[in-house]
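**Q** Residues per chain are reported as follows:
4 protein chains.
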Amino acid sequence: MPSSDAAKPVVILQASPHPVSRIFTPEALHALHERYTVVDLEGAGPGTADEVLDQALPEAFAVVGQPDLPAERLARAPKLRAVLNIEGNFYPNVDYQACFDRGIHVLGCGPAYAQAVAEHALGLALDLARGISREDRAFREGRENYVATGNADAVLLRNADVGFLGFGNLGRALRTVLTGFAPTIRVYDPWLPAAVLREHGVLPTGLAETVARSTFLFVLATVTEESRHLLDAELLATVPQGARLVLVSRAPVVDYDALLAGVAAGRFLAGIDVWPEEPVPADHSVRALEGTVLSAHRAGGIPAAFLSIGDMVLDDLDLIARGLPPVRMQAAARELVGRYRNRPVTG
Amino acid sequence: MPSSDAAKPVVILQASPHPVSRIFTPEALHALHERYTVVDLEGAGPGTADEVLDQALPEAFAVVGQPDLPAERLARAPKLRAVLNIEGNFYPNVDYQACFDRGIHVLGCGPAYAQAVAEHALGLALDLARGISREDRAFREGRENYVATGNADAVLLRNADVGFLGFGNLGRALRTVLTGFAPTIRVYDPWLPAAVLREHGVLPTGLAETVARSTFLFVLATVTEESRHLLDAELLATVPQGARLVLVSRAPVVDYDALLAGVAAGRFLAGIDVWPEEPVPADHSVRALEGTVLSAHRAGGIPAAFLSIGDMVLDDLDLIARGLPPVRMQAAARELVGRYRNRPVTG
Amino acid sequence: MPSSDAAKPVVILQASPHPVSRIFTPEALHALHERYTVVDLEGAGPGTADEVLDQALPEAFAVVGQPDLPAERLARAPKLRAVLNIEGNFYPNVDYQACFDRGIHVLGCGPAYAQAVAEHALGLALDLARGISREDRAFREGRENYVATGNADAVLLRNADVGFLGFGNLGRALRTVLTGFAPTIRVYDPWLPAAVLREHGVLPTGLAETVARSTFLFVLATVTEESRHLLDAELLATVPQGARLVLVSRAPVVDYDALLAGVAAGRFLAGIDVWPEEPVPADHSVRALEGTVLSAHRAGGIPAAFLSIGDMVLDDLDLIARGLPPVRMQAAARELVGRYRNRPVTG
Amino acid sequence: MPSSDAAKPVVILQASPHPVSRIFTPEALHALHERYTVVDLEGAGPGTADEVLDQALPEAFAVVGQPDLPAERLARAPKLRAVLNIEGNFYPNVDYQACFDRGIHVLGCGPAYAQAVAEHALGLALDLARGISREDRAFREGRENYVATGNADAVLLRNADVGFLGFGNLGRALRTVLTGFAPTIRVYDPWLPAAVLREHGVLPTGLAETVARSTFLFVLATVTEESRHLLDAELLATVPQGARLVLVSRAPVVDYDALLAGVAAGRFLAGIDVWPEEPVPADHSVRALEGTVLSAHRAGGIPAAFLSIGDMVLDDLDLIARGLPPVRMQAAARELVGRYRNRPVTG
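Chains A, B, C and D are the protein sequences, given in the same order. Going by our numbering, the first sequence opens with residue 100, and the numbers climb by one from there. Going by our numbering, the second sequence opens with residue 100, and the numbers climb by one from there. Going by our numbering, the third sequence opens with residue 100, and the numbers climb by one from there. Going by our numbering, the fourth sequence opens with residue 100, and the numbers climb by one from there.
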């Protein structure tokens, strides 16, 4: 290590499951190396990552990624100021409580995906509203319907009754892209006081009413013990006839058997991006189900979203190095970091 | 005719090509009959419409629809105050100049369709941005790609460079639904001064620059002699690599051979709702063309749009009857009414 | 007249009551002269304006301003395409019905002032909400109140109940500048169907309810026979205690005696820009009345508003010369042009 | 203490400098007492507050207010989960680092005042733009100017060049209320990465350019060592001729001598709400200075702002009691809590 680097803060990097180039633009990666002494655990050679990590910890200023960081390892990193998670999920291989006790910033990259998910969710909703993919398929098969003929069930989103289950990053981004449609948005989010929702221009509403009054219903909740099968068979039975459901957060929030049965029965239409089992079994009946738009967990993971992670990491590292609080990534809440039940996502 | 009706203004109605129930809700139709003596040319019995029309003209307050109204017929309607067109196109079977000379309101229903077209156009754009219908088809064929794998060319609409060719009703409605995406919108519209475009928050731009700088390019222009093949092969060659084109106004504005060749060559993607020949020939190669979303002239003609026509007609009739100017339908411009070259649309 | 000018359309100009330089920037004036043969009636020399006008009429393409144009004069102007009013009021010295019968565009410059009036109206409302001018006066007299002490009656505009009487150019501009306050806006406008108001995101409401439910009430109506003393003593008695009234359109719409009595009684506060008699008599009691912000008909007539008139005139002349409809100035409605009862305004 | 209260969490309350009724509505106070065992230090009787505090600490769940809490006192409060500051300033009588080390939430009520300050700042800006208080004074003295006469220097805010120094709570609230004016907003905030500013639709800009290009310049920065006299004489000399300056955050950020000299010289106009010395000396020359709007630290402290504090406290206490993170008050940043140099404000 050249002596001039000695003054640079040490950043430990473990980009997996991403290749580094997915989350850092060349410019961002260059800046990272210019400003910090980067210890890349994946460049460390097979089997040596743990060793390299242990060696780097005493001088480490920040960890980018999610290598195993139990309490004893954290204890050997007295200068550690931040752990920057780049996956969107917090796994229990890091002792987050130890971080909080030390005042080490624990940061997540959830905001990186929110815009991409919101745009995809709106795309699914408009598809369901207007039959875009259904009629594209018909056109390719030579059975398209012109003008009004294929539009019997088409609806407008403008001024529509819209429901959100959950109002975190996804809900806020989706509310923003819906602005120009002037919808009435009812939101059920048990973690947020009514005043916060009103401040965002949405109506705080109970779960039952949100479901029963929504022509467009977006499932945007994360998974916790409490939210598993939040949208169960009983609640799905109260969805208005002809409603459009869009699922883009996490599959366990919905009872899929009931969901698909409702679509099959012609009760509502559904745009589905997340699945209880991924990949979906080859012979799954949903593949032939009309009334759906099928999407393979593609809402968030687009190039622009991934590359924004690197920019966020770089901006927040710089702020922390300057003695300022980070502002781009999302501070994990001590109360919540252990409650999420999201599976790892690969692909 | 009961004597009590004598005091009601006489409205001549010819709803075709629509059935009356497509454009009037039951409530609106009831209100129409309650407030006016309605002479329905289609209820007149076969072959008698002309006769009924001629008989009603001397007392006619307004004509809703587009029966033949040459100068000599208009001359026999001294009380006529308005001609309310419900088709979206002005055909030469009405002597519009005679109407303008008489101060008879000539009103069009273009605004009725604008919101539906704008939402469909955005739906097509988001589909092209994210591959929604492409991946739905793949999913149904058991070859879906999860997470990042199928997202290599996915792009965000947020903060994107967007171009509009034309800024009439469609452009304004589309600008509004795009609000939440905070795009940069360049507009080419030779009928509008720059100040009007700036007032709407869009950038007045020349044709070449609008095309060459747009990641999303929306063709929203109506057809006139001047706009035929406005987007020709030469201009299409300057569309940025990977751009998304959305065509929802009128087919003659674009050179379709060049358009489809560009898509086939992988230069850009296209969402197409209007076609030079409708129905599209069964064996047309576009049916098998990747890089497109195919739509059968479905953008505007949805139930909510049709039914808004009846409400607009009713509101404006009432204003005119009260001695006030109409405000919901669009006053036809003396300068433009003869310049449009739109074909009749049926369906 | 130089021969090269022969091909230019002839524009007759009578800028009064404005000096030409108030409504045309040097650039706009230069462009006007470059594109048109301008016959300036005021440059014509004393007593000769009528003669010059009569001489120019046979070739006149447009009249900018409001010289006497009775039917017989109009009849001598066969090429006349437009009369562009630059005062904001239509006086009976022009035979407008003859213009309408001929299809001559009759254009008003009302939109030029709307933004200025809207900003002034909001300024008055915020002043009343927070006591800005009242406390500025106190400060200058050495009796200012710090922090909470002077704020007992201060209110927020955010999420407030706002009422508009009238929703023409002023109402639309004011609604736009209020966007960021997310108010509930109730509008009474008997000339507009409910659907138009809803389309603008405001609530169509009856007169009594609009008045009785508004914490901020803006009087934005123009004067007609019907709107004289629209806000009379009886209605003023229903204004909520502590409300803020802002008057920026036309004085005759309000009963001023009742208005000032209400302020004097501490029932509401008022920001007043228009007066039944201007100048207001030197000894008028309003000059000493607390609970008011006094403004001397200053809301609309600012340099930026005046200069936009010249730009609007130029843009619309150019469109008309190209065979296109004007879009910047406001087409006068045949039904309304004779109904306004505004006095001339000088200053 | 009734046994039934034993199960309620203990909340220590010291509302001063506010009376309790200023920050809690009767409903909020009732709810507070219903859900928590409230130990009100001010109800404790003279001289006994410390004693009561010490006695309550071992069971304390939260402290609302800012009693002396050095490390040794905090050490005697093992169940303490949150310190909720209700003054807007963090004083050194609390050992915040000890709180952070313990994972005790340290919350501030800055957001409570932001909307009130933003509306006042806009009111001052519109007053300066249009001369509202100046002309109100003239009117009361019988020397008002009608229509254009008094408007020579009036300007529009629409589409104006606006500059913000600082983009915390105040800047965000002000940006929102400015939405309808479609301004270009340049922001200098050295604590925020450019991406954050862009995300809010403002332009990240250097200090010099922000000052030199702003027709409306808002000083919204808090005071730290670095920001003292941020706007100094040299920088003030670059303010555009005729600009409007609005000071609503903290006086030390500006060199007041240079500021007032600039106004006196006719270089710019200023709306001033905060002062280096409060009360301002009775004989201060600013009291007679034209070109100013004078305000006595009244921007934030209005009833609606104060009462929102109680609601925020109640909402966040409830979230914390439910094991969720607080969301309404502002989490103090470990890095910043010691850097602010705001004086106590009384009134």
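Some hints could be false.
Identical copies go unnamed one by one, so any copy, or any two together, can satisfy a pair.
[Said to hold, decoys possible] With a straight-line Cα cutoff of 20 Å, these simulated DMTMM-like cross-link-like pairs (lysine to aspartate or glutamate) come out:
| # | residue 1 | residue 2 |
| --- | --- | --- |
| 1 | 107 | 382 |
| 2 | 178 | 434 |
| 3 | 107 | 354 |
| 4 | 107 | 376 |
| 5 | 107 | 252 |
| 6 | 178 | 252 |
| 7 | 107 | 139 |
| 8 | 178 | 200 |
| 9 | 107 | 240 |
| 10 | 107 | 158 |
| 11 | 178 | 376 |
| 12 | 178 | 410 |
| 13 | 107 | 167 |
| 14 | 107 | 331 |
| 15 | 107 | 414 |
| 16 | 178 | 324 |
Simulated from the structure, these hints should not be mistaken for laboratory data.
**Q** For every hint, state whether the structure bears it out.
**A** Now for the hints, and whether the structure bears them out:
{"no.": "1", "hint": "107 / 382", "verdict": "neither (55 Å within a copy, 55 Å between copies)"}
{"no.": "2", "hint": "178 / 434", "verdict": "between (24 Å within a copy, 15 Å between copies)"}
{"no.": "3", "hint": "107 / 354", "verdict": "neither (51 Å within a copy, 37 Å between copies)"}
{"no.": "4", "hint": "107 / 376", "verdict": "neither (45 Å within a copy, 44 Å between copies)"}
{"no.": "5", "hint": "107 / 252", "verdict": "neither (62 Å within a copy, 37 Å between copies)"}
{"no.": "6", "hint": "178 / 252", "verdict": "neither (61 Å within a copy, 41 Å between copies)"}
{"no.": "7", "hint": "107 / 139", "verdict": "within (15 Å within a copy, 50 Å between copies)"}
{"no.": "8", "hint": "178 / 200", "verdict": "both (14 Å within a copy, 15 Å between copies)"}
{"no.": "9", "hint": "107 / 240", "verdict": "neither (62 Å within a copy, 53 Å between copies)"}
{"no.": "10", "hint": "107 / 158", "verdict": "within (10 Å within a copy, 45 Å between copies)"}
{"no.": "11", "hint": "178 / 376", "verdict": "neither (41 Å within a copy, 43 Å between copies)"}
{"no.": "12", "hint": "178 / 410", "verdict": "neither (23 Å within a copy, 39 Å between copies)"}
{"no.": "13", "hint": "107 / 167", "verdict": "neither (24 Å within a copy, 39 Å between copies)"}
{"no.": "14", "hint": "107 / 331", "verdict": "neither (53 Å within a copy, 34 Å between copies)"}
{"no.": "15", "hint": "107 / 414", "verdict": "within (16 Å within a copy, 43 Å between copies)"}
{"no.": "16", "hint": "178 / 324", "verdict": "neither (35 Å within a copy, 26 Å between copies)"}
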